[in-house]
Structure formats: C-alpha cells, structure tokens
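J.: First to last, the protein sequences are chains G and B.
So in our numbering, spot 180 of the first sequence is number 180, and the numbers just go up one at a time.
So in our numbering, spot 315 of the second sequence is number 315, and the numbers just go up one at a time.
Quick caveat, the hints were computed from the structure, so don't treat them as lab data.
Yeah, the Cβ is synthetic: ideal placement off N, Cα and C, and Gly gets one too.
It is possible that some hints are incorrect.
Claimed, not checked - Quick partial rundown of chain B residues pointing at chain G, CB under 10 Å, derived from the structure: (1) Glu35; (2) Leu57; (3) Ala139; (4) Leu265; (5) Gly268; (6) Glu295.
2 protein chains.
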Amino acid sequence: MVAAGTRDDCLADWGEFAFIDFLARHPALAQADLEVGIGDDASVWRPPAGARVLTTLDMLVEGVHFDLASTSAADLGWKALAVNLSDLAAMGGRPECVYLGLGLPPATAKAWLKEFIDAFLRLAECYRVRLAGGDTVRAGELVISVTLVGSTTAAPGLRSGASPGDGIYCSGTIGDSCLGLRVLDGRLAGLSEADAEFLKKRHRRPNPRLALGRKLVAAGVASAMIDISDGVVADLGHLLKRSGGLGAELESGRLPISAPARRVLESGRVELVDLMTGGEDFELLFTAPPSAAAEIAEIAAFLELPVAWLGRVVGRAGISLAGPAGKIELKTKGGYDHFQSQNQ
Amino acid sequence: MVAAGTRDDCLADWGEFAFIDFLARHPALAQADLEVGIGDDASVWRPPAGARVLTTLDMLVEGVHFDLASTSAADLGWKALAVNLSDLAAMGGRPECVYLGLGLPPATAKAWLKEFIDAFLRLAECYRVRLAGGDTVRAGELVISVTLVGSTTAAPGLRSGASPGDGIYCSGTIGDSCLGLRVLDGRLAGLSEADAEFLKKRHRRPNPRLALGRKLVAAGVASAMIDISDGVVADLGHLLKRSGGLGAELESGRLPISAPARRVLESGRVELVDLMTGGEDFELLFTAPPSAAAEIAEIAAFLELPVAWLGRVVGRAGISLAGPAGKIELKTKGGYDHFQSQNQ
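Using the sequences and the hints, build the whole thing.
T.: Structure, rendered in structure tokens:
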C-alpha cells in the first residue's frame, strides 16, 4: 500500500503547492523547446512543420491496474509512462509532451511520491518527453491519468490496413510479463533466481518500442500496427477487426518465447496459449506484405531487436494456431472488460 | 450519489465495450477533420499550419470537486468540459480535440452515464471540439480526467506579461457561482425564485469565454490573462506573481456584480470580499496597457459581453481594494490546497 505517513512526512503536510514546486524544479524535467510548460492555464508547444499530432490517454487505478503491496513507487512511475509510450510506438510517433493527472489520498507518504515522480521523469528524460502539465487532486484511492502527445511527419501506423497474405510480425518475446506477474503474486514459484528476476523485470519495466515503430512508419512497410497490452490473441483480434474482419493463421513454432519462459512452458505449469493471452507485453505487433520481409529484417538488425514472423493474415475471420498436434482455433474475445468481469 | 442500478441497468451489466460503442456512435460526436478518432492506439489530428498546440488537463473527483447528491449527471458532464474550455479561453486558444478519462464504480447507473455523456458531447458540439479518445476504467469512486488540446496561430495569452500601469479587466460578473453553491447546499435561503435560479445556473453551467480570449489574443491587446477558478483575488495573485511579483490596486465600485448577487450583498449575508474569493467564476481576468482601452471596449461590444475595468497593476506586491470606507489589503493566499486543507 501507499505507506501512510505521519503528520510530518505525508502529502497532507507537504501540500499541493510544495509538491508542484518539487515537480517544476526536478532536475530530470525536460522543458527544452517548450514555449510554456507547467504553471500556466495550458502548455504551449510548437509541433514540427507538417506534423500530425498523436494523442493517447491511459488511466491506472489502485487495486484494478496495480497492487501497491507488490508494486514499488518506482516501478509504478515507470510503467505509468511506459504504457503510454507503447501506444505512441504503435503509431510510429515521436513522444513530445506528457501530462500527469494524479488523484492522491492525503496520507500518501512524501517519500513514496518522490520515488514515483523520480522514476516517471527519468523515463521521460530517456525518451526526451517533456512533462508539460497536469493536475494533482485529493482522492480516496490512487488514480493516475497520463496523456501523451506525440508527432509524426510520416503516415502513422494504424490498426486498420492489413490485407490477406500479409505477414504478421512481433517484436521481442511474448508472455514474459504475465509469467512475471505470477512470480510476483506467488502463483509461480521454484524458478531459478535469474529466471524469476528476468520475468519480474519484464512485467515491472516494459520497454516501449518507439524506435521500431518510427522506423517501420518511416519506411512505410507496416500495413497495420498495434501494441500488445491485452495479449497477442486479443490485440491481433483488434487489428484484424479494424482491418475489415480478417483472420490469421499463426504457427506455434514461430512464436517468440524467451529462454526463461520456455523453461516454464517445458515444466508444464503453463500452456503456450497462456503466454498469448496474458497481456502487458508492450511489444509491437504489425502486419506487412511479403515484399517487405527483407526491409523488416534490416530494421530489426539495425535496432538489435528481434522481430519474429508469426504467421499470415487470411480473408476468413478467426485466428488459428498450427502446431505439431494439428491446428486449433483460438478464442478472440475482445480483451479485458473492466466492468463485466465483476459479474463473471 | 450515482444511483446504483440493478443488474440490468448498471455499468457492470452494460459493459465497457458497449459503453465505448455508445460513445463512438453518439450523434453529437464531432469527428470532422480528424484523421483518426476513437478506436486506435492514439488519435491523429493535423493542426493548422504554423499553429502552436495548447494542452490542458483537469481532474474532478467525487466528494472533492462535486457532490453527487446536489449535482445532476448533465450538469457534471457540462462542467467537466467547461472548466477545461475556460483554461483554453485564457490562452486565447481554439479548442480542437478532447480526451475523456473516466474512473467508474461498476454500480454506476447506465441512465446516469448516458445523461453525463449527452451533456458533455452537447457542449463539445457547441464549440466544435472532437472527442478523439480516452479511457474507461473501474474505480471505487467517480473520477473524471479531461485533457483538452487546442491551437492558436497568434501569440497565446500567458499569466506572465503584466506591467505596472496596466489596467485590470474582468469579463461577466463575479461571485455568482459561489452564491449559487450556497443556495444549492442550503446555506443561502429566502431568495426570490428567479435570483436563486440565476445563481444556481451560474454555478452549474459556466460559460467558457472562448470568443473573448481569441479576440483579445488576435488583437494582441492583453498583456497577461488567466481564467478565474479560485476567485478574483487568488487568480489575480497568480497572474501578478508570474508577471514578476507585481501588485494591484482594485476599486470596489468597479467590481462587476450581477443584480441577484448585489441583492444578496445588500441583505448583509455576504461581504464583497466573499464574492472575490469564492471561486469557480470561469470568467477571464486580464491586464492591458491604458492605450488598449478603446479596443477592449470595442471587442466587448462586438461580443455583447460586459468587460469591466477593476483597477490597475502596481510595482509593489500585494492587492489592495479601495472603497468608500478606505483602502484594505486583501490576503493573497495561493488558492485552494487539496491536501493541506484537511489539516487546517
């Protein structure tokens, strides 16, 4: 939980204006090229000439998106920004300005909040994103609302645009994050320390694939693109639906699985399909015509980031997975429903 | 409170995806000129050539910013957008795209949510703002996070820029909203029905002064500008501080007070200073050199919106109010502190 501070070390004592002052004077606060940042009625930013403006908003709520007992302030600060950066990566955008809305219980410890902001701003600094505004308000539970504004001068990568015959590609490896969560909440024990650490880190500190997204868009090779937040199956389903109700044939041998995840798989404690539906991978999933294969391989090599071919787009709806035991149809429900899940 | 629905008419039954579908198909959903709206990883918008992009984020929390017992869903939907439009008005911006983040208890009634969205989108339609994205998540209490993106091709109106000798101006009338709140929560009774309705409406349905903000910025006459959310004294204090630690001499006879508010004043139940510190006026407060007086009068006449001269900026910090009984110094605390207020 957010450690409740005494009168001297919690937010109620620190105060809203002292907190905003801490933010505005933070050494990692990038404000270069920003005409007006924190402190006016709105921020003022000049986009590059001819650019399109890309905007995404994500909300994270205590007890729903994260458990404060198993998530450090630093991990949460990192992830709150990383998930938005991942959305922007999926458009091929360059992140520009970020806006942080915080609903905070007054008993929030000052040290916790500083650690959260330090991690958030360190990640922002890595990608040269400016914290350009936000709002800090009292709330009964911790709520984080992040709006990220980016730009692109190329045509952005959309979820629509895939065609039958296109290849389906994925960056990095899948399923690590959901295994990491199981390690964290105690459902998966007995791994080597190195494997457990690897999987936990993949859950806690996702790496948004911004460089890959931008390269793909600049080269014009991806016909459709999405980032994996709900799992490969659900997000591929979103992409195929937006591309006009298409389907996919995946090959199980082509799915990119890390060595630690493969060892868990081989222990029989999870199945391959669990790794495809666990979510929070924050890798890029995209489609491209067969003619683009060599260029995709070049981009992957240049970025030293593995990009796997998983299968192909087909005209008939539905996602199938072909493996040694034959072909199975995967269920493509729409992803996690925040409200209905309570009833089921 | 948000009326808790039965299993058939609450959000838990309706579901997140049905709600998003309702939003995406709403007849008031303006999407013209938007390359990509709701449904992709980010929205895509092409700003006007040479424009600066203005962005503001506001969060509203149940029990902190509004009381669901005395606020209808429609009033809340209106106000959630109106307060952001007011921030943009203070920059002289043109509203372009809005992003709505909602943290919702699963027991929220479907009818309540529809009424909220209808009002939000009707106001958006009035000002040609496109709902271009957002996020809907489960939460323990109602949390509304609105990010508004706008543009300006002129130099935006900032809080900094006032100089000693500048006149201080204010649109509309002040203090109506705080009196309306007192009527609503029962602290102010016995008014005529018409007066009570006028004051309540001024609290529930603030009119963002977008046209005035844009005209002032286009004419280049305002040296500094802010919208009044914390009350004339606190917001003038913000503006003077950002302009380099200046002060102001106000004349009590020049403060714009509506006829209903004047009748409450004359009844002796509030003092003039209460109307200057109550907050939520959402009028524009700006400074301008004496040479701009005629142009400001012309703009006010063109818009048929009263703009009052309240006094002048002086080089010495502090805000004084001169009236028939002499001159008093007004306390310029920084405005409402969300966290410290709990301790005091």
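J.: For every hint, state whether the structure bears it out.
T.: For each hint, the structure was consulted:
1. Glu35: holds, 7 Å
2. Leu57: holds, 4 Å
3. Ala139: holds, 5 Å
4. Leu265: Violated: closest Cβ of chain G sits about 29 Å from B/Leu265, beyond 10 Å.
5. Gly268: violated, 34 Å
6. Glu295: violated, 22 Å
Hints 4, 5 and 6 from the earlier list are contradicted by this structure; the remaining hints agree with it.
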